[in-house]
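*Asks:* Chains as they are written, first to last, in UniProt numbering: chain A, 1 to 122; chain B, 1 to 355; chain C, 1 to 123; chain D, 1 to 492.
Treat the hints with care, as some may be off.
[Unchecked claim] Listed next, the in silico DMTMM-like pairs over lysine to aspartate or glutamate satisfying Cα-Cα at most 25 Å (straight line):
| # | chain 1 | residue 1 | chain 2 | residue 2 |
| --- | --- | --- | --- | --- |
| 1 | B | K349 | A | E100 |
| 2 | B | K349 | D | D155 |
| 3 | B | K50 | A | E63 |
| 4 | B | K198 | D | E270 |
Calculated from the structure, these hints are not laboratory results. All values derive from a computational prediction rather than experimental measurement.
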Amino acid sequence: MNFLEQYNYWIVIVLMMSGFYIVIAHGNLIKKLIGLTVFQTSVFIMYISMSKVIGGTAPILNEAYKVYSNPLPHVLILTAIVVGVATTSLGLALAVRIKEAYGSVEEDVIQEKDLQQEGSQE
Amino acid sequence: MTFLKNSVSLLLNQQTIKRELLRSTVIEITINVILLALLTLTAISLAFTKDLFASVMLMGVYSLLSASFFVLMDAVDVAFTEAAVGAGISTILMLTVLAMAGRFENRALHHPRIALFVVIGTGIMLVFGTFDMPAFGDINAPVQTHVAPHYIQQSGAEIDIPNIVTSVLASYRGFDTFGEVVVVFTAVIGVLALLEMKSEEVRNSVAPAPMYQHKILRIVGKILIPPIMLFALYVQFHGEYGPGGGFQAGVIFSAAIILHAILFGVETTAKAISLPFVKVLAALGVLIYGSVGIVAMLNGGRFLEYNALAENAITGQHVGIIVIELGVGITVATAMMVIFLTFARRVGKSNGESA
Amino acid sequence: MAIFLDAVSWALLVLGGFMCFSGAVGIHRFPDFFSRMHAAGVTDTLGSSLILIGLMLQTGWQDTVLVKLLLIFLFILLTSPTASHALAKAALHGGLRPKLGKPEVSDDIPEKFGKPSSESTNN
Amino acid sequence: MIDHLPILQVIVPLLAAPICLILREAQLVRWFTLIASVFAFVISVLLLQQVQAHGTLIYSLGGWDAPIGIEYRIDQLNAYLLILVTSISSVALLAAGTSLQKELTERKETYFYVAYLLCLAGLLGILTTGDAFNVFVFLEISSLASYTLIAMGRDRRSLWASYQYLIMGTIGATFILIGIGMMYMMTGTLNMYDLAERLPEVQQTKTVFTAFAFFMVGVCLKLALFPLHLWLPNAYAYAPSIATVFLAATATKVAIYVLLRFIFSVYGFEFSFSHLPLKEILVALGLMGIFAASIVAIYQNNIKRLFAYSSVAQIGYMILGLGIGSKTGLVATLLHLFNHALMKGAIFLALAGVVYRVGSVNIKAFAGLGKQMPWTMGAIVVGGLSLIGVPLTVGFVSKWYLVLALLESNWWPIAILVLVGSLLAVIYVWRLVEAAYFRPALQDSAPYKEAPLMILIPTWILVLANIYFGIDTSFTVGLSEQISASLFGVAK
Numbered sequence: 001m002n003f004l005e006q007y008n009y010w011i012v013i014v015l016m017m018s019g020f021y022i023v024i025a026h027g028n029l030i031k032k033l034i035g036l037t038v039f040q041t042s043v044f045i046m047y048i049s050m051s052k053v054i055g056g057t058a059p060i061l062n063e064a065y066k067v068y069s070n071p072l073p074h075v076l077i078l079t080a081i082v083v084g085v086a087t088t089s090l091g092l093a094l095a096v097r098i099k100e101a102y103g104s105v106e107e108d109v110i111q112e113k114d115l116q117q118e119g120s121q122e
Numbered sequence: 001m002t003f004l005k006n007s008v009s010l011l012l013n014q015q016t017i018k019r020e021l022l023r024s025t026v027i028e029i030t031i032n033v034i035l036l037a038l039l040t041l042t043a044i045s046l047a048f049t050k051d052l053f054a055s056v057m058l059m060g061v062y063s064l065l066s067a068s069f070f071v072l073m074d075a076v077d078v079a080f081t082e083a084a085v086g087a088g089i090s091t092i093l094m095l096t097v098l099a100m101a102g103r104f105e106n107r108a109l110h111h112p113r114i115a116l117f118v119v120i121g122t123g124i125m126l127v128f129g130t131f132d133m134p135a136f137g138d139i140n141a142p143v144q145t146h147v148a149p150h151y152i153q154q155s156g157a158e159i160d161i162p163n164i165v166t167s168v169l170a171s172y173r174g175f176d177t178f179g180e181v182v183v184v185f186t187a188v189i190g191v192l193a194l195l196e197m198k199s200e201e202v203r204n205s206v207a208p209a210p211m212y213q214h215k216i217l218r219i220v221g222k223i224l225i226p227p228i229m230l231f232a233l234y235v236q237f238h239g240e241y242g243p244g245g246g247f248q249a250g251v252i253f254s255a256a257i258i259l260h261a262i263l264f265g266v267e268t269t270a271k272a273i274s275l276p277f278v279k280v281l282a283a284l285g286v287l288i289y290g291s292v293g294i295v296a297m298l299n300g301g302r303f304l305e306y307n308a309l310a311e312n313a314i315t316g317q318h319v320g321i322i323v324i325e326l327g328v329g330i331t332v333a334t335a336m337m338v339i340f341l342t343f344a345r346r347v348g349k350s351n352g353e354s355a
Numbered sequence: 001m002a003i004f005l006d007a008v009s010w011a012l013l014v015l016g017g018f019m020c021f022s023g024a025v026g027i028h029r030f031p032d033f034f035s036r037m038h039a040a041g042v043t044d045t046l047g048s049s050l051i052l053i054g055l056m057l058q059t060g061w062q063d064t065v066l067v068k069l070l071l072i073f074l075f076i077l078l079t080s081p082t083a084s085h086a087l088a089k090a091a092l093h094g095g096l097r098p099k100l101g102k103p104e105v106s107d108d109i110p111e112k113f114g115k116p117s118s119e120s121t122n123n
Numbered sequence: 001m002i003d004h005l006p007i008l009q010v011i012v013p014l015l016a017a018p019i020c021l022i023l024r025e026a027q028l029v030r031w032f033t034l035i036a037s038v039f040a041f042v043i044s045v046l047l048l049q050q051v052q053a054h055g056t057l058i059y060s061l062g063g064w065d066a067p068i069g070i071e072y073r074i075d076q077l078n079a080y081l082l083i084l085v086t087s088i089s090s091v092a093l094l095a096a097g098t099s100l101q102k103e104l105t106e107r108k109e110t111y112f113y114v115a116y117l118l119c120l121a122g123l124l125g126i127l128t129t130g131d132a133f134n135v136f137v138f139l140e141i142s143s144l145a146s147y148t149l150i151a152m153g154r155d156r157r158s159l160w161a162s163y164q165y166l167i168m169g170t171i172g173a174t175f176i177l178i179g180i181g182m183m184y185m186m187t188g189t190l191n192m193y194d195l196a197e198r199l200p201e202v203q204q205t206k207t208v209f210t211a212f213a214f215f216m217v218g219v220c221l222k223l224a225l226f227p228l229h230l231w232l233p234n235a236y237a238y239a240p241s242i243a244t245v246f247l248a249a250t251a252t253k254v255a256i257y258v259l260l261r262f263i264f265s266v267y268g269f270e271f272s273f274s275h276l277p278l279k280e281i282l283v284a285l286g287l288m289g290i291f292a293a294s295i296v297a298i299y300q301n302n303i304k305r306l307f308a309y310s311s312v313a314q315i316g317y318m319i320l321g322l323g324i325g326s327k328t329g330l331v332a333t334l335l336h337l338f339n340h341a342l343m344k345g346a347i348f349l350a351l352a353g354v355v356y357r358v359g360s361v362n363i364k365a366f367a368g369l370g371k372q373m374p375w376t377m378g379a380i381v382v383g384g385l386s387l388i389g390v391p392l393t394v395g396f397v398s399k400w401y402l403v404l405a406l407l408e409s410n411w412w413p414i415a416i417l418v419l420v421g422s423l424l425a426v427i428y429v430w431r432l433v434e435a436a437y438f439r440p441a442l443q444d445s446a447p448y449k450e451a452p453l454m455i456l457i458p459t460w461i462l463v464l465a466n467i468y469f470g471i472d473t474s475f476t477v478g479l480s481e482q483i484s485a486s487l488f489g490v491a492k
């Protein structure tokens, strides 16, 4: 009955992959960043899932409880969340500049304009 | 279902187990399944919607749902941060950018088949990886038995604050947290390097219409700003006892400022908080954190060894944690303000050019 | 007394839960944006307020939790109607018009609300 | 203070960055950055001395011993790369002031230096740490800083290049995060050396295998291994010249370090090479990288992009050396890490001089430059010869060891392929030489002057290093052999 114990992770994998799909398949720069956020958030869910102990409680010491969930993944994910928002804001800043420079935030338009520019320089 | 199975086995092993545990476990499973289903729905509908505004909102929903899931998984600090950062700051930054970049994505997907192939391949690989994972929630998993027990059993004696997450975050793995503050600082530098405008550009820009003419919003907003700031301070200094700490406090504090900017216009806020000074503060937060480490070194300890900060090791830990949390709070709060205001000003520039 | 408090609190909790549920049904069943928002407003304000009051009765006096719940209550009481208001105004500003009965264009509908239109015309 | 060297290595540039933001004045910041970087270089030299004298240095941060806390652990491999990164960074910074005057506004210059210091600190952090998650954090610091550096280029294409790098880099980092998470799940620890002790117990599990795969893919994205290299050429081509010098010479090297560290010190040679077809994969990808990238490089008209593709090819050589899976192969990889940094540093610095005077790096603009800018062009030619692997240059030394390793393992067909790959390098370097020396200068423009001294001096420091380490190989080869022996020793 192994597979019942992992269903949580499997759903997380579906979540991760839908985020990953958005990043690869969508051409809009902002949509890509949204996909990236979803991808990363899903990885966070994986980490937090592994810290859970059934019957445990939040890792804040209290005499009423004996079993606590593992605090370490929580710390790691706190860090990772902040890293995620830093990446997102930098990506958004780039998207704004790209919009100003190219007039579009669609990948294929930008690539087309790049090709034209290279062609005119030859 | 795993919950059920494990709890039943627990029930069989220990006759003394209370009925409440079983009941609460059943409730937990139900919430778990519902939340995961909602998360999946949100993620999949995100892949299909073409309206970016709706996408951003769905992303916020996704963050909020995952925050609820984190609460269920006992990760209250993470839930707090995810709600504040993922659902709050990220969403509002994305919306600001949408004001410049347009609302709809109007292009076809890029090689959707290849992308699907890559994604399914990766997914299969991951599923393959789950086959030998320890069972979900297992108390005997390596994760629960190797390093974690030290934190749970010893942090009370070694650091003496109730919130173990804060102990690990600020002391045992304080250097990771330092890195994290630096990451935020790096993002500020990046955003400023890319988007900061010259003063004459600021003058020529047309600020996005503030909500000033909406009386109800303005009044309620004005009432709310001070309590939000107060709450931020509470979160900042209560992080040792409950969920909270510098990150969450910083984000909440900046939320108050962002609310002000939305209500009264970016330039008013930029004047009120003095943007150049705020930039310096962001750097100062990093330096405060770093200087705690250096003071510890000068006192004969290692970098960030708070025990060396005072005669008594426990006092040293407390002092160290309070000061570094302050550094974190300052950097995060100012960083989020600077990032938001820089973005919002840029909206004014594109308004000014199109006008 | 304790039993009485418990009973009242449970009654409030159940009532609050029902309100939330009805709000959720309303969001699904109502025809256009504005009426749906009306349903959502019920969930936000009435449902959560009742639940919070019910919880307050459960906690008793000795804990700071009571104060926290009270603060949350006040906060929701203040923000939730404001949020609904802002949302409605934004929708109106964005060109969304409420669905008004039969699709008739007559002089007694104020010009301000424009022609009735389906909810899908969000520019 | 000697005890604190490992941490000082990282926090000197790390804390210098916020101080730079407070100083604001571009002039001040320039000198401050240079001082911080040189200081870091001095520390790295001292560290190597310490390591040679006392063996591996361990520094527990916060006074918590690993695996409870995070520890810094410096052995010869780290020390070797620390010297590489800090020295290149200092040399590049010597030229930065002059070069950036042309390429950036003064207001942005401050941000450039802050980002530069953060990037440097991030790379040093990756090199020193002994904690797997700490690697991720510092990887993100250096990555975010390098996205910023790249986006500051003059051409609008730098923005697009930076965005692409951001997406690919973040996907890579997330893969690394997944890998670390799965390792942690199976062992309960994040410390690399604790991991190395606890992994053998669970080595056969599918989870550990998946963790390895994801970690490797993530790192390979970062180091631009052949099919995952797409972000690199544009990023290097359109970044400000100094940023290109620094990133091309160091960033991918640090990613290769992470690869080496996890293959040898964490998973162990046994697991990595005998349970997995890693050898074949690495050799195949390395060879494909060498050929595909060299051929594409031949057709480039933008010279910075040409050498960027050549970097992808050179990464192929390093990965090939690693894939051989023998001591000599590893020596070749380690040598090429160092040597490639010297060659590319010299070439890109010289190109910074060309950008300064000519304003373009299109091959047409190079016509007749051989006479007008003899020293700059001379530097590029020596660097190019080194890329090809001509004797008396460092390139020869690393190619020699690579071929030696291949012959040792009786893989002589691949050895021949490596030599053919060098011929491809001859072609693309020749294109440049032909343009610079055999084409008449464009009529309509006044002759360009030699690049300014502040760029020429650092360029020639690196060029002379190219020749010096090509003749006197005792430092590089000696150290590489020691490192290789110790890495394989761990594997026993």
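*Asks:* Evaluate each hint against the coordinates.
*Replies:* Checked hints:
1. B:K349 x A:E100: holds (10 Å)
2. B:K349 x D:D155: holds (21 Å)
3. B:K50 x A:E63: Since the Cα atoms of K50 of chain B and E63 of chain A sit roughly 52 Å apart, the hinted pair is violated (cutoff 25 Å).
4. B:K198 x D:E270: Violated, because 58 Å separates the two Cα atoms, which is more than 25 Å.
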